[in-house]
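Undergrad: Guided by the hints, dock chain V onto chain E, whose structure is given.
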Amino acid sequence: MKNDAVVCSQFEEYRLNELFRHQQMLISRQTDQMFAGLMVLQWIAGILMALILSPRTWIGDTSSLHIHIWAAVFLGGAVSSLPIWLAIHRPGQAVTRHAVAFGQMLWSALLIHFSGGRIESHFHVFGSLAFLAFYQDYRVLVTASLVIAVDHFLRGVWWPQSVFGVLVESPFRWIEHTAWVLFEDCFLFYSCLQNGRLLRENCRRQTLLESTNRRIEVQVTERTHQLQSEKERTESVYLSLAAKAEQLSASNSMLADQIAERTRAEKAQAALQERYIESSRIAGMAEVATGVLHNVGNVLNSVNVSANLLIERSKRSEIAILAKASAVIDQHCGELPKFLTEDIRGRNFPRLLHELSKQLSRHEEQQVRELENLTRHIDHIKQVISMQQTYAHLQGHTEPVRISDLLDDALKIKESGLIRHNIHVIRTTVDDVTIVTDKHKVLQILVNLISNAKHAVIATSREYKEVVLTVTAEIECVSISVQDNGQGIPAENLTNIFCHGFTTRAGGHGFGLHSAALAAQQLKGSLSVCSDGPDCGATFTLILPRGRIQNV
Amino acid sequence: MRTCLSEVAKRRLAVVAGAIWLTVCTCGVAALVRYSRLTGDTGAALCEFPTDLQVQNSDKRFSLLMFVHPHCPCSHASLEELMRIHARAQQDLAIEIVFYHPANKSSAWAMTSLWRTAQAIPDVRISFDSDGRTAGRFGAKTSGHVVLYNSDGRLIFNGGITPSRGHEGGNRGTTSVLEHIRSRDKTREICPVFGCPLQAQAVPTDASICGAVR
Chain E
188 MKNDAVVCSQ FEEYRLNELF RHQQMLISRQ TDQMFAGLMV LQWIAGILMA
238 LILSPRTWIG DTSSLHIHIW AAVFLGGAVS SLPIWLAIHR PGQAVTRHAV
288 AFGQMLWSAL LIHFSGGRIE SHFHVFGSLA FLAFYQDYRV LVTASLVIAV
338 DHFLRGVWWP QSVFGVLVES PFRWIEHTAW VLFEDCFLFY SCLQNGRLLR
388 ENCRRQTLLE STNRRIEVQV TERTHQLQSE KERTESVYLS LAAKAEQLSA
438 SNSMLADQIA ERTRAEKAQA ALQERYIESS RIAGMAEVAT GVLHNVGNVL
488 NSVNVSANLL IERSKRSEIA ILAKASAVID QHCGELPKFL TEDIRGRNFP
538 RLLHELSKQL SRHEEQQVRE LENLTRHIDH IKQVISMQQT YAHLQGHTEP
588 VRISDLLDDA LKIKESGLIR HNIHVIRTTV DDVTIVTDKH KVLQILVNLI
638 SNAKHAVIAT SREYKEVVLT VTAEIECVSI SVQDNGQGIP AENLTNIFCH
688 GFTTRAGGHG FGLHSAALAA QQLKGSLSVC SDGPDCGATF TLILPRGRIQ
738 NV
Chain V
3 MRTCLSEVAK RRLAVVAGAI WLTVCTCGVA ALVRYSRLTG DTGAALCEFP
53 TDLQVQNSDK RFSLLMFVHP HCPCSHASLE ELMRIHARAQ QDLAIEIVFY
103 HPANKSSAWA MTSLWRTAQA IPDVRISFDS DGRTAGRFGA KTSGHVVLYN
153 SDGRLIFNGG ITPSRGHEGG NRGTTSVLEH IRSRDKTREI CPVFGCPLQA
203 QAVPTDASIC GAVR
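Protein chains in written order, with my numbering: chain E, 188 to 739; chain V, 3 to 216.
Cut-off 25 Å, straight-line C-alpha distance, at most; resulting in silico cross-link-like pairs (SDA-like, lysine to any residue):
#, chain 1, residue 1, chain 2, residue 2
1, V, Lys-12, E, Pro-278
2, E, Lys-511, E, Arg-532
3, V, Lys-107, E, Pro-242
4, V, Lys-12, E, Gln-280
5, V, Lys-107, E, Ser-250
6, E, Lys-545, E, Arg-556
7, V, Lys-12, E, Arg-216
8, E, Lys-599, E, Thr-585
9, V, Lys-107, E, Ile-239
10, E, Lys-511, E, His-541
11, V, Lys-12, E, Val-282
12, E, Lys-545, E, Ser-501
13, V, Lys-12, E, Trp-272
14, V, Lys-107, E, Leu-238
15, V, Lys-12, E, Ile-275
16, E, Lys-569, E, Val-490
17, V, Lys-107, E, Ser-251
18, V, Lys-107, E, Gly-247
19, E, Lys-569, E, Arg-589
20, E, Lys-545, E, Phe-526
21, E, Lys-511, E, Arg-534
Hint data in this document are derived by calculation from the structure and do not stem from the laboratory.
One chain only, chain V, in its complex shape:
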C-alpha cells in the first residue's frame, strides 16, 4: 500500500515537475521573445536634411543614414537588412553608417565586427560620431536607427529596419524603405527601432517632431 502511494506520489510529482518545466521553458521563451520586442526610442528625426552636412554620393536621389552603436549585438541584424536594401537600391541610394564613438575612447573602440561588416559594404560611407553628436542632431537614440531622405532633403523614413531586437528578416522597415525608393512615395514612414541605446543621456537635438505623415 505504501508502495502504491509512493508510486502515485512519484507520478504526481513527475507531472508537477513536467508542468513546472513546461511553464518555465514557455515563460522563458516568451520572456525572451518579449525582450526582443522591446523597442528602442525612435525619437524625433530631422524632417529636413541639414544643409551643412554632406552625404557621400550626394548625387543619388536618396540619402540613408544608419546610426550604430559599434558594440550593439542587435545591430548586426540592422546591418544585414541594410545590406539587403543596398543590394536592391544602391543605384538610387547614398548610404552612410554613423558609428557612435565616445570622445574619451580611442578609435579602436569603435572598430568592432560591426564596423568591419560595414566596411565590407561597397559604396557606403562610414563615419564616427564623437559622443553621438550627429545622432543627437538627427534625433537617433537607438542603435540601428535609420533615416531616409529623398533628393529634396525631406525625411521619408524614420525608424528601424529589423523585425525585432537583433532579428533580421522581412520587416516593415526594410519594406518601407525599398518601397519609398521604388515608388518615390513621399509619405513619411516611422518604424520601431530595436537596438541598444546609443547614449545613456540624451544629447541636445535639433530634431523636431516629424511623425508619420501620409
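Chain E extracted, bound-state conformation:
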C-alpha cells in the first residue's frame, strides 16, 4: 500500500512536471506567436516611421533616400527575420525566446533611433521587457537586460553622446540606465516567479484532478467491466433460462399431459386398488374362511370319528345279550328259581349279568367320553364359527386390541395345520401390548404370515420345524415378527416378494403377501422381509403404529 502511494506520488510528481513543462511550452508558443506578429508590426512600423520622419536626406535642394529607410527595411527585416523564423519553426524553445528578446531589444534601439531619440520612444524598452515577461521566464529578461546593458556600455565607451547626450560622461552612467531596467526587471522577475508558482499550483491541481479522474476512470472501467460481465452473465443466464423456460414449458405441457394421463391412470389404479383391496379383503376373508373351514373340517372329522365310534359301539352293544337274557327269564318265569339253581344256564346268569353290567358300564364310559369329545369338537366348531363371524362383521373399525389376543386367534385359526405338521410354535412376546388398529386386517396379515411360515417349514426336510413369533414394543410402534426356519428366500426374490402375483410356492397364487403389504400400508404400518438365503429361513416383520387409544 505504501509502495503504491510512493509510486502514485512519483507518478503525480512526474505528471506535475510534465504538465508544468507543457503549460510553459504553451505559454512560450503563444508568446512566440505574439512576438512573431509584433516583429512584423515593428518592421512595418519602423519602415513607416522612417518614411514619415526621415524619408530623405537633403543637401541643398537635392535629396536622396535616407539611410533610415534602408535601415528600416533591411536591418529591421534582418532583426525580425530570425525571431519570426524561430517562432514559426521552433516555437516554445528557449533559443526562440532568447532570440526574440535579443531582436526586441534591437528593435527598441532601432525605433529609438528612427524616432530621433525621443524620450517617449524609450518606453519601448520597458514595454518590451513587460511583454517579454509574458514568457514567464526570467532568463529571457536577463537576456534582454544584458542586451540593453551591453548596448549602453558599448555606446558609452565609443559614442557616449549618442546615448547620454554628452561627450564627456561618467563611465558609470550606463549603470544608471541599466539600473532602471533592473528596477523594472525586479518586478518582472517577481511576476515571473509568482506566475510560475501559480502555474505550478494550477498544474498540481490539474494533476490531482487528473489523478482523481484516473482513479474514478479506473473504478468506472472496472465497474463497467463488472457490469458488462454481469450483463453478459445475466444475458447468458437469461438465454439459458429462456431456453430452460421453453424446455420447461414443453416439459410442463408434457408433464401436464403426463399428469392428466397419470391422473387417469391413478384413478384407474385407485379403482383397481379398490378392487384389489376388496379382492384382498375377500381373499383374506376367504383365507380366514378357508382356515376356519379347514379347522371346522378337522373338527368335523373328529366328530365323525366319534360318531362312528358311537355307532360302532352302539352296534356292538350288549343290549342284545341283555334282551336274550330277558327272553330266557321270560321262558323260565314259572320255574325261575329252579332254572337259576339247577339249570346250568341259570346258574351262569349272575355272572352273565355281572359281566354284562361291567361291559355296559365300560361302554357307557366310552360313549360318554366320545360324547364329551363330540361336544368339545362341536364347541370348537362353534368357537371357530363364532370367531369367523366376529371378524367378518367388523371390517374397517379400529379399536384397542391386545397383540397377544390377535396372535392367539391367528394361531387358533392355524392351529390344526401347525399341529398336524408337528410345527413348534414359540412365542417370545416381550410385552403385552395394546394398540388401536383394525384387528381384522392385522389378523388377516398374521394368518397370512403364519400360513406362509407353515408352508415354508413344511417345504423343508428339516425335522425340527418351528415358527417364532416375537412382539417388540417401541415408543410409537409395535413390531411383530414371524420367523421360520423354512426354505428361506433367495436374495433376487426379496424385492419381488410383495408384488402382486409373485409366488415361489406350487399352488400359490401370489396374492397373500401382496394383500398383507397393502393392508399394512392401510394401517399406516409396514411389512418387510429379510432372509439370509435358501434354507436359512425368513423373517417377516410387521410394524404397526400404536395409534391413539380411544375409549379404552
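TA: Chain V only, in chain E's frame:
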C-alpha cells in the same frame, strides 16, 4: 548515422546562422549609430554679430540664430532642443530660425513640418534664407547649426544642440547655451553639428575662423 550527422550539421548550421544574424544585427545597429554620429561641417562662424543685421527682439541680451534646412529630418531634434532652450531662457534670448530656401523654389518648398514647428514657437523670428546666403555669411553649413551672440555681439556659442544626428536629448550644445545665458560666461564654445548639409556647394562667407576660446 546519417541522421545523426544531419542533426549535427543542422545544429552547426543553426549556430552559424544565429551568429551571422547576431553579427548582421549588431553591425547594422552599430553602423546606424555610427551614421548618427557623423557630424556635419561646423564651419567658422562670425565672431561678431554683423551690424547690418537686425535680430528680432534685439533688446534681449542674447541673440540666437539657427540655420535649418526645411527638409532635413535631423533638424526636428534641433528644433526640439531649441524649444527647450527657449523655454528656459526666453526672457534673455532673441531667437531667429533661418530656413534655407533655394531661389529657384517657391516659398511653399520651405513651408515644411519643420517650418510649422518653428512657427509654433512663440517669440521666435522665422526667416527664409534665399540660396543660403545668410547662412553662408555666418559660416553655417549644416542644418541645425546654432550661433549665439551676447549683447556685445560677440559669438559665444557655435555648433549643434543635439547629441547626434536626428537625436534629441541632453547634449553638450544645449547645456552650453543655457550655461552661457545663465552665467554670462563669455568663453566661446564650439559643438559638433548633426544634420543635413545646407548646400551642396559652399557659398562665399564672411566668417572668420572663430574657434573655441576659453
